[in-house]
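Novice: As you go down the protein sequences, you meet chains A and B in turn. Residue 111 in our numbering sits at position 111 of the first sequence; the count goes up by one each step and never skips. Residue 114 in our numbering sits at position 114 of the second sequence; the count goes up by one each step and never skips.
One should not assume that every hint holds.
[Said to hold, decoys possible] Covered, in the sense of this in silico footprint (three residues per stretch, anywhere, with C-beta under 8 angstroms from a C-beta of chain A), are these stretches of chain B:
1) 79 to 85
2) 179 to 190
3) 544 to 556
4) 671 to 680
[As the list claims (entries may be wrong)] Below, a list of computed lysine to aspartate or glutamate pairs in the EDC-like style, where the Cα atoms sit at most 20 angstroms apart:
5) LYS12/B to GLU38/A
6) LYS609/B to GLU443/A
7) LYS74/A to GLU431/B
8) LYS405/A to GLU574/B
9) LYS74/A to GLU20/B
10) LYS612/B to GLU38/A
11) LYS616/B to ASP358/A
12) LYS431/A to GLU61/B
13) LYS12/B to ASP31/A
14) LYS408/A to GLU431/B
15) LYS717/B to ASP358/A
16) LYS616/B to GLU277/A
17) LYS431/A to GLU443/A
18) LYS198/B to ASP305/B
19) LYS717/B to ASP292/A
In short, the hints are calculated from the structure, not lab data. Don't be surprised by glycine CBs; every beta carbon is placed ideally from N, CA and C.
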Amino acid sequence: MPKVEEFTKNSRPITMAILAMGGEGGGVLADWAVDMAEHCGFFAQTTSVPGVAQRTGTTVYYLEFFPKLAGEMKEPVFSTMAAPGEVDIVVASELMESGRAVQRGFISKNKTTLITSTHRVYSMTEKIALGDGRVDSDVLMDSSRNAAKLFISGDFAKVAETTKSLISAALYGALAGSGALPFDKKDFIASIERGGVGVASSIKAFESSFEIATQCISPTPKSVSVDISIGRKPKEASTGAQQLTPEEELEIINNPNGAVGARLQGLAGRIKSEFPEPVTVMLVNGIKRCADYQDVAYANQYLNRLLTVRDAEAKFGDGTSRVLLEVARYTALWMTYEDTIRVADLKIRRTRFNRVGDEAQVQNDQILQIREFLHPRSEEFADTLPTAAGRWLLRTKPVTNTIEKLTKNGIILQTTSIHGYIMLYFIARLKPIRRRSLRFNLEQERMDQWIASINQEIESNYDLAYEIAECANLIKGYGDTHANGWRNFLLVMEQVQSLRNESGVAGRISELRKAALADEDGTKLRAILA
Amino acid sequence: MAERSFAAEVKKLRVGDGEEFLGEGILAVTKALLQSGVAYVGGYQGAPISHLMDVLGDAKEILDELGVHFENSASEATAAASLAASVHYPLRGAITFKSTVGTNVASDALANLSSGGVTGGALIIVGEDYGEGSSIMQERSHAFAMKSQIWLLDPRPNLTAIVDAVEDGFQLSEASNSPVMLQLRLRSCHLHGRFIAKDNVRSPFTLKEAMENPRRDTSRIVLPPASFLHEQEKLTKRWPAAVKFIKENKLNEVFFDGTQDFGIVMQGGLYNTVIRALQLLGLSDVYGNTNIPLYILNVTYPIIDDEVIEFAKSKKAILLVEEGQPDYIEQNIHAVLRRGDIPTKLHGKDFLLPAGEYTPAAVVKGILEFLKKYGPTLIDNENLPDLVRPDGEKPNSISAVIPAEVVHGRPPSFCTGCPERPIFTALKLAERETGSHHISADIGCHLFSILPPFNIGATTMGYGLGAAGASALSDPASDKRTISFMGDGGFWHNGLTSGVGNAVFNESDGVMIVVDNAYSAATGGQDLLSSTAENTNRSTKHPIENAVRGIGVKWVKTVQNTYRVSEMRDLMKEALTGKTRGPKVIIAQSECTLNKQRRVRPEIAARIKAGKRVVKERFGIDPDTCTGDHSCIRINGCPSLTIAPNPDAMRKDPVATILHSCVGCGLCGEAAQAAVLCPSFYRSEIISNPNMWDKAKLGIRNIMIGFLQNGIERRLKGIDA
């Protein structure tokens, strides 16, 4: 903490930048700080550039503080803008904003206390990707930590949420706890009280963040525990069982039977005896998914489907089992494709009702109603019908026209009403006819072709086989999105066929795969292929 | 009513003589106007001076006590024209708007006003929207001052200096019979600071007296021959009078002259930045005490030749710190030195940035270059600030880097629940069927459509000029129609005539979409002619449709709920492909959600507290049916609709999710259906204080649905551990 006695007329004022997004209360935080400083006998100034930035855009508040020196009547000359290398304290309301502060040169290794919330508010670029467009949070964390003199981090959004306050109050607590300003905790709290809005909840948030910050700066590095709240980086999140610790994972590998119920004991035994360890967790999830989707026999079929790849992996693999792992993943997802039966089945479960209630924070004295927004088309009806009937439906115009007319603007169905529930319940109970349905047979055929082409390449080009496995991720979504995905998948697979003997083909396919996920309608993919 | 209420701050306007005023820059300016005995104030809202208008709106009581007339002008041109009241009458008037865009609009009236000159003080307060945080083209108000001969004040950025500039500005205006422009930089408007107040003053001459004793003087009207005389008068009378006033009252300041054989000249608004730069270089203390001569131009136009010569003649070189381009002041001072035959070297944009904001970093670098040449002994190489220290023996503390690709731009965008977003969702869906069109955008929140995820809009030519911007693309041989956007703010500002009237008269076949959210939303939610809210001081509730029909448009459709995406989409398709020739106007009406929430939230809370039945809606997405393709986000872009790690252990891609900040506007569900996206969207309706009927239904539901759910659970038993 800078000591007031140490300030002379040659000292630079204490400088502080707050990087926040519009609507997060960055202005409130700045006002509290100025009010506190003035009550503590300091000169203080705050400026900002709100403009249109107040609508969700990133915005910077800039503050300066200087004590009233004995015998000096003049006001200090404050700067209205931050200078790179001259910012003592930076408060970032979100992790990418912390990265932005580093990028702008606001963080100095020899002077800056950087306080950041570790939660993420995803940028539009991250959100609109067809796949996973998230940036690596670890890079943001590491860059921030490495740039700062003192780094204080915690999930202050969560603090705000649990204390029913705003993130500004939580960050203010962390600012107090950081000791970066020459004011006491009671001065901080007094300024919140003088502010007079949401005082009780703000102080609650303030106190718990104060605690987090104190832990961060305590010499015993207990602060590590704080960092765990950071979202896991995408590549880890993608390794499946993201909630599992290495210990838990090991336990499943050693004893897959312990991770499944009574009806899947036989299949879990098969996994243990027939498959390599690296894919155990994936397969356990896979059989559960298939059994849940259809029945135990279907889960058995799932394992059978992987046998050829398992053998090829054993013979030609590079020891990582990555082809088998991805095939195990996408086969399970493909086998449990989302048809109307599946959607209905998932929507009517008690667990789902509870989840929706939790998400909406429904209190005991309130009643929850759920309405679904559905838009089934002729295709979805046909998909569920037995193959012959489905084909007939699709080519019989009067029938499709009638369906389109009926569902033109979609259907809103109340699942929590008796009649809505019964409707979905009836559809979910159509599981037995699924095996004979148009879509079921089509998907089995497509899947087998995909596995065949992986098996075809794995001997001569393991990397290519891996790329083909990954191509299954191009097919997702519903309706047009699904159709576009399938079209992109076919385009890429065509390239596999025509380029399979050329060098660098795996890299090329990887490139095409990424292009196919770059936009909705395959524009980038076609551009690359042209 | 504006987004932010200043009811509490307005009390500060009553602070009396000798008391300390603590507050925001904008509020200080308002106080200064009252201390100066202003008789009338007008203006048009826009960052960074929106709050000035809002403060005045909330200060009705005080204004009434002092007899001050306040208008929310229809446009900046209206505001500027209102200064005509100061031409013949000794009335002090002030107007305010965003510059340079507002000054562009006002320039016709300003030129006329300046030509004839004024009797009462006329002050034009411009919020200079330049540099970081600006939302407009980067130009200078300086040009307007020069072309019309309006004196330009650019005070030091502290409240005392700004307040003094307001009072000096009125006096200067009266002393020289010229309007005065007070330039407030972006950050100065939002600056928190202090000054010692004076009592408010009532205008000695009243508007009523003026109206009851009308005066006229043809020599003040811009018509030959008076207009030719005005030009002469500007140079022979008004300019010298202004120079005299500025010199006598020492509006410009010279500090620490004689300490060196070089010096720094700066715009007043940059004084604090220069001082900070000098302090970082070890050449000033925190109070601005330095041993470098400083000449501070609190008046940046006109340049006072004598003062420049006096400051420059004893020096080898001077550095001019002048922000923005063209470098008008630098050219001016060059001319002054040349005419005065002064050999002093003038540096400016050769050492400082030729364009862009003069941040402390930019100014430190410029001053250092200057010192290297003229005062190398003053440079303390050992203790240079990090921002100018090259990486070397003593490592630069800010050399830490972060990969560029992990820090994304985060521009402003449509708010959660914004009623404008569905309009663009609908247009995207319509274009999937009709193909793409030329789309002309306007100024306002709706301009966020040009950014992802919508990527809609090709040009924007100015406020209210969306339709005008499409007017040339009008070839009857084309079977594609143009689309143009305009907000309700732009519509009333000028779009009704410049866009709609123009399209009628020139028989355009284009489609015009007027986004009517009941407020001037982008500038802070001020009321307009067509606002639907009750307003005690202003006349509202004048429908846009009446105006559009009145001006001669036959095909006009008003959509009263923009969230109905399919309806909007179909209407757009009809407008784009229908047989009707001639201009087509769609008025897309739904209340700005920011303002609506502000209004509705307390009402709902009160009703729940009173035990009344209230249904609150919000949307959600089932993570187990979401496949992570995010097509919903690409046609929506709501801040509350985002992504989250996939709870499904097998899936890699993040799922779409809806945050608790959802206001239940309904776009998610509508879009999912209209675009046939996916069945994952649901709406939860939370009933507070349920009635008997609700409870009875719940009872039956719990029994029946519970029974079936038990069955489902039985069938799933044995799968999971």
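Novice: Decide, hint by hint, whether the structure agrees.
Specialist: Taking the hints in turn, this is what the structure says about them:
| no. | hint | verdict |
| --- | --- | --- |
| 1 | 79 to 85 | violated (count 0) |
| 2 | 179 to 190 | holds (count 5) |
| 3 | 544 to 556 | violated (count 0) |
| 4 | 671 to 680 | holds (count 8) |
| 5 | LYS12/B to GLU38/A | 17 angstroms, holds |
| 6 | LYS609/B to GLU443/A | 54 angstroms, violated |
| 7 | LYS74/A to GLU431/B | 64 angstroms, violated |
| 8 | LYS405/A to GLU574/B | 19 angstroms, holds |
| 9 | LYS74/A to GLU20/B | 15 angstroms, holds |
| 10 | LYS612/B to GLU38/A | 45 angstroms, violated |
| 11 | LYS616/B to ASP358/A | 15 angstroms, holds |
| 12 | LYS431/A to GLU61/B | 72 angstroms, violated |
| 13 | LYS12/B to ASP31/A | 16 angstroms, holds |
| 14 | LYS408/A to GLU431/B | 18 angstroms, holds |
| 15 | LYS717/B to ASP358/A | 24 angstroms, violated |
| 16 | LYS616/B to GLU277/A | 50 angstroms, violated |
| 17 | LYS431/A to GLU443/A | 16 angstroms, holds |
| 18 | LYS198/B to ASP305/B | 33 angstroms, violated |
| 19 | LYS717/B to ASP292/A | 10 angstroms, holds |
Violated hints, listed in ascending order, are 1, 3, 6, 7, 10, 12, 15, 16, 18; each of the other numbered hints is respected by the structure.
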